[in-house]
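Engineer: Based on these hints, arrange chain B on the given structure of chain A.
Line by line, the protein sequences are chains A and B. 112 is the number of the first residue of the first sequence in the working numbering; add one for each residue after it. 122 is the number of the first residue of the second sequence in the working numbering; add one for each residue after it.
Rather than coming from a laboratory, the hints here were simulated on the basis of the structure. Keep in mind that a hint or two might mislead.
Claimed, not checked - Negatives, chain B to chain A, calculated, CB over 12 Å:
no., residue
1, A278
2, T415
3, S553
As the list claims (entries may be wrong) - Some chain B residues near chain A, calculated using beta-carbon distances under 8 Å:
no., residue
4, V154
5, E270
6, L271
7, F293
8, Q300
9, L307
10, V573
Even glycine gets a Cβ: it sits at the ideal position worked out from N, Cα and C.
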Amino acid sequence: MALEGFLLSALVLTPAAAASLLLLLPKDAEKAHRWIGLVASLLTLGLAGMVWSRFDPSNVAFQLVETRPWLPTLGIAYRLGIDGISLLLVLLTALLQPLVLISSWSSIHQRVKGYVFAMLLLETGMLGAFLATDLFLFYVFWELMLLPMYFIIGVWGGERRIYAAVKFVLFTLAGSLLMLVGILYLSYLHKAQTGAWSFAYEDIRSLTIPMGEGFWHSPQLLLFAAFALAFAIKVPVWPLHTWLPDAHVEAPTGGSVILAGVLLKLGTYGLLRYNRPLFPEAWERATPLFLWLAVIAIIYGALVSWAQKDMKKLIAYSSVSHMGFIILGLFAGTVASTQGALIQMVNHGLSTGALFMLVGVVYDRRHTRLIEDYGGLAAVMPLYTGAFLIATLASIGLPGLNGFVGEFLILTGSFPTHPVAVILASTGIVLGAVYMLTLVQRVFWNPLVHEENRTLADLTWREALAFTPLAVFMVWIGVQPGTFLRLSEAAVRHLVGGGL
Amino acid sequence: MLTLALVLMVVIPAVGGVLAGAFKGASSRGAAVTAAAATAALAAWATATVYGGAHAAAVGDMPWLGGPAATPVVGVLLDPLGSILLLVVTVIGLLTVVYSTRYLGMDNRDHRVPPTEHPRYYFWLLLFLASMVGVAISPNFLQLFFFWELTTVCSWALISYYRNEKSLAAGFKALVVTQVGGVFFLVALLILFARTGSFEFGALALLPDRLRLVVFVLLLLAAWAKAAQVPFHTWLPEAMEAPTPISAYLHAAAMVKAGVFLMARSVSSGWAMPVEVGMVMGAMAVLTLFIALTYYFVQDDLKRLLAYSTIAHLGYVLLGISLGALGSTVGFRGGVLHIICHGFAKATLFLCVGAIAYVTGSRSISALGGLAKTMPLTAAAFFVGVLAATGVPPFSCFWSKFMILSGAVQLGGAIGPVLLVLVLLESLIAFSWMVYVGQKVFFGERTPVACVNSDPPPAMSGVLVALMIGCLLAPAVGIPLVQWIGR
Chain A
112 MALEGFLLSA
122 LVLTPAAAAS
132 LLLLLPKDAE
142 KAHRWIGLVA
152 SLLTLGLAGM
162 VWSRFDPSNV
172 AFQLVETRPW
182 LPTLGIAYRL
192 GIDGISLLLV
202 LLTALLQPLV
212 LISSWSSIHQ
222 RVKGYVFAML
232 LLETGMLGAF
242 LATDLFLFYV
252 FWELMLLPMY
262 FIIGVWGGER
272 RIYAAVKFVL
282 FTLAGSLLML
292 VGILYLSYLH
302 KAQTGAWSFA
312 YEDIRSLTIP
322 MGEGFWHSPQ
332 LLLFAAFALA
342 FAIKVPVWPL
352 HTWLPDAHVE
362 APTGGSVILA
372 GVLLKLGTYG
382 LLRYNRPLFP
392 EAWERATPLF
402 LWLAVIAIIY
412 GALVSWAQKD
422 MKKLIAYSSV
432 SHMGFIILGL
442 FAGTVASTQG
452 ALIQMVNHGL
462 STGALFMLVG
472 VVYDRRHTRL
482 IEDYGGLAAV
492 MPLYTGAFLI
502 ATLASIGLPG
512 LNGFVGEFLI
522 LTGSFPTHPV
532 AVILASTGIV
542 LGAVYMLTLV
552 QRVFWNPLVH
562 EENRTLADLT
572 WREALAFTPL
582 AVFMVWIGVQ
592 PGTFLRLSEA
602 AVRHLVGGGL
Chain B
122 MLTLALVLMV
132 VIPAVGGVLA
142 GAFKGASSRG
152 AAVTAAAATA
162 ALAAWATATV
172 YGGAHAAAVG
182 DMPWLGGPAA
192 TPVVGVLLDP
202 LGSILLLVVT
212 VIGLLTVVYS
222 TRYLGMDNRD
232 HRVPPTEHPR
242 YYFWLLLFLA
252 SMVGVAISPN
262 FLQLFFFWEL
272 TTVCSWALIS
282 YYRNEKSLAA
292 GFKALVVTQV
302 GGVFFLVALL
312 ILFARTGSFE
322 FGALALLPDR
332 LRLVVFVLLL
342 LAAWAKAAQV
352 PFHTWLPEAM
362 EAPTPISAYL
372 HAAAMVKAGV
382 FLMARSVSSG
392 WAMPVEVGMV
402 MGAMAVLTLF
412 IALTYYFVQD
422 DLKRLLAYST
432 IAHLGYVLLG
442 ISLGALGSTV
452 GFRGGVLHII
462 CHGFAKATLF
472 LCVGAIAYVT
482 GSRSISALGG
492 LAKTMPLTAA
502 AFFVGVLAAT
512 GVPPFSCFWS
522 KFMILSGAVQ
532 LGGAIGPVLL
542 VLVLLESLIA
552 FSWMVYVGQK
562 VFFGERTPVA
572 CVNSDPPPAM
582 SGVLVALMIG
592 CLLAPAVGIP
602 LVQWIGR
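Chain A extracted, bound-state conformation (with noise of 0.2 Å):
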């Protein structure tokens, strides 16, 4: 058999693979855990590397499917395959990964084989999620991602860990399992339909599902909202983002920047990738209203950002604001502004992974995460000083780094439509920039009063090492976002269906 046949396969599986491999080891093998979780990440990003490489961005269909039957009898069946859609987000996840496994080598001391473990783990059920074609399997993934995610919050987390994790599983069962109900629901229909069940992407999508007359009768309203409301605490859209400050500021350095770098853009790829061409009519029933959330979720995100005491909240909070742009471009809903959407994704998944990173890297040094214990560390860590520049230069869309092109092609893309939710979310940019310049100049400029910050040591290699590949891309993307967006535009084209 060709590469082609088991290479998304071969994906999704090592980093699993790579975790059974631990339960063999010793527990107290420490480095042998660090060194085959680093290894198989690596490995991981290297077949994504290959999958980009054997991408056709013309192709709208999916690409390097697999289909291996599994329960026939249901209609279910192991399927796999990669289009304009995921391949982005695939990339971004295989790229974080082992970032995240370098810069916790030095701040996880403890369990050190269960951390490895979980974050493999997690890898396999992001993966999984974002190459699923078959609505069961996609559910699976997506279940597979809850429990890893809870351990590495509630285990190596702060000090209200236990508050946090519970909180982050029981918002994200909730909205799960409604649309577990959604997922059953299609596949009866299409046995109504057609005479055999059937979870299929794509036998899914050629269904009709009737509008109906009201909510409560309309089952492409229902449906539509049982798997917006899933994918929507999980962006978070305001005001469903309760758990996410929590989540973020208990969970461990690693846990923060896969959260916020790619647990969040499941929801925004979940409702690109199902909401969207599922239920097309209902779609546009509630775009006014996710389009009012969003620039609510803009703003509100900014203005408590603002306020806040905590770096890890503060930037938590700003992932909100972010996301708000992102549902913005979602629902306008013209090419330019979809693909705005999607390279944001890929931008704040960089940029604020980047954030939370450098963030866990004070706090190593300090174990404090509250603004006021810092100032003036632009004296004492120019290294660091410049890395954390970089990295909020391009969350707040300078132009010449990502943020901008996302933000520019979401704003320009939805305008035509829907200038006012437009003018409206321009402010969030204002807000942005002051926000997150405010952190720089309080915790970087503002005069050293905390003389144990004078000792603090700068970057380390390794610490430098995590954050150098995000900064490359940031500056990639914004000077040549047309690498990135040529991936995606054939397929965005296809799904938004001409126009602008």
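Structural biologist: Leaving out everything else, chain B in the frame of chain A:
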């Protein structure tokens, strides 16, 4: 070849800034000066080459931002208007960098800056130079916006440079105000693109009347915020917390000029500015002149005095541009000419104040006195600056003000005489006050702070001499250039 030179003018200072930021000590300064000098040389060559014409070329395209009409293009454009800004930015930029090599240091009595802090300064300064060149040679609004936003961040970092409480607050305020201006700009662009599918300057003329009015008002608001015009003017005096060369360069000669440059671009591309907006722009410019003037008399800090004077002079530029919008090409040319004339005059004044502060440690008008004996060169430069800024012939601003007024008269009706009286009044009061301040600081009895000193070191004095020459030569270079601007 020319295209390459124009691209290099953005790339060289940007790379030079990164190098200057990475190096230490003399090599950092060397990288900064070399990059700035190369950029200025290229700018002079490019201006001479396209002289009388325009050069536009595409460097790349952005298919991912495909509009219905045309694909936005990344490119370069050098025309007479752009040349004016380009010359101001690169020449004064070079002089500022040279001046800074001595100004920044432990000998500075106003602000001692330890050598470890220098690379950061040159990094932001050169990044700013690169972005300003980008503004000057942008062929469309999208690219202009791109560099415009970059200048905002550089300005924030440079105002906050000393990192004390006041400068952090000032940098923050400048950031917020100019960023708000940036959002007005952005919304204007979005409307333009949504309606015409293009970011070209000429697309403004394609908008339907009502929408064109909205877009021009938004652009005007953006320009006002960037150029510190009433009612957005308050950030500029506070930005005087920046190191003085930065105040001279960013907040007198270059960055604030990006605001008026935006208006000049918008008006001259198609001459489609609605008359109402032109009237408002002109009226607000005159109002700004006099509001700024009233602040003169209560300033004790020389830099703040100059900041208010800058606000007034940017008002002059907008006044000229508004006359252009109302139909007078001569007035428009005068406004554009004022960009370069005022750039040199105000840079001279600021760098004189920098020299005074460098040797005495004070910028207070009341504390200084009798400096002319010990600092003759600085005194000479200051008075040349005053003559040039207030428009005494044959110095620079005389020519631009003259053209602006000719334009006003050309328009006919009451506008000409009224403006003539108002401008003369403003010039006269400003001139008297500046001369008064000058004689207080340089002549009269020597005050204790003024006793110990001499002119600043050669690198700084040399820059002052060059600027004095600039005050005389600026119109000689500028007038022929602006003659090519027309309908």
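Engineer: Run every hint past the structure and note whether it holds.
Structural biologist: Structure-based check of each hint:
no.: 1; hint: A278; result: 9 Å, violated
no.: 2; hint: T415; result: 30 Å, holds
no.: 3; hint: S553; result: 41 Å, holds
no.: 4; hint: V154; result: 23 Å, violated
no.: 5; hint: E270; result: 5 Å, holds
no.: 6; hint: L271; result: 5 Å, holds
no.: 7; hint: F293; result: 7 Å, holds
no.: 8; hint: Q300; result: 5 Å, holds
no.: 9; hint: L307; result: 6 Å, holds
no.: 10; hint: V573; result: 30 Å, violated
Violation of the numbered hints given earlier is confined to hints 1, 4, 10; the remaining hints are satisfied by the structure.
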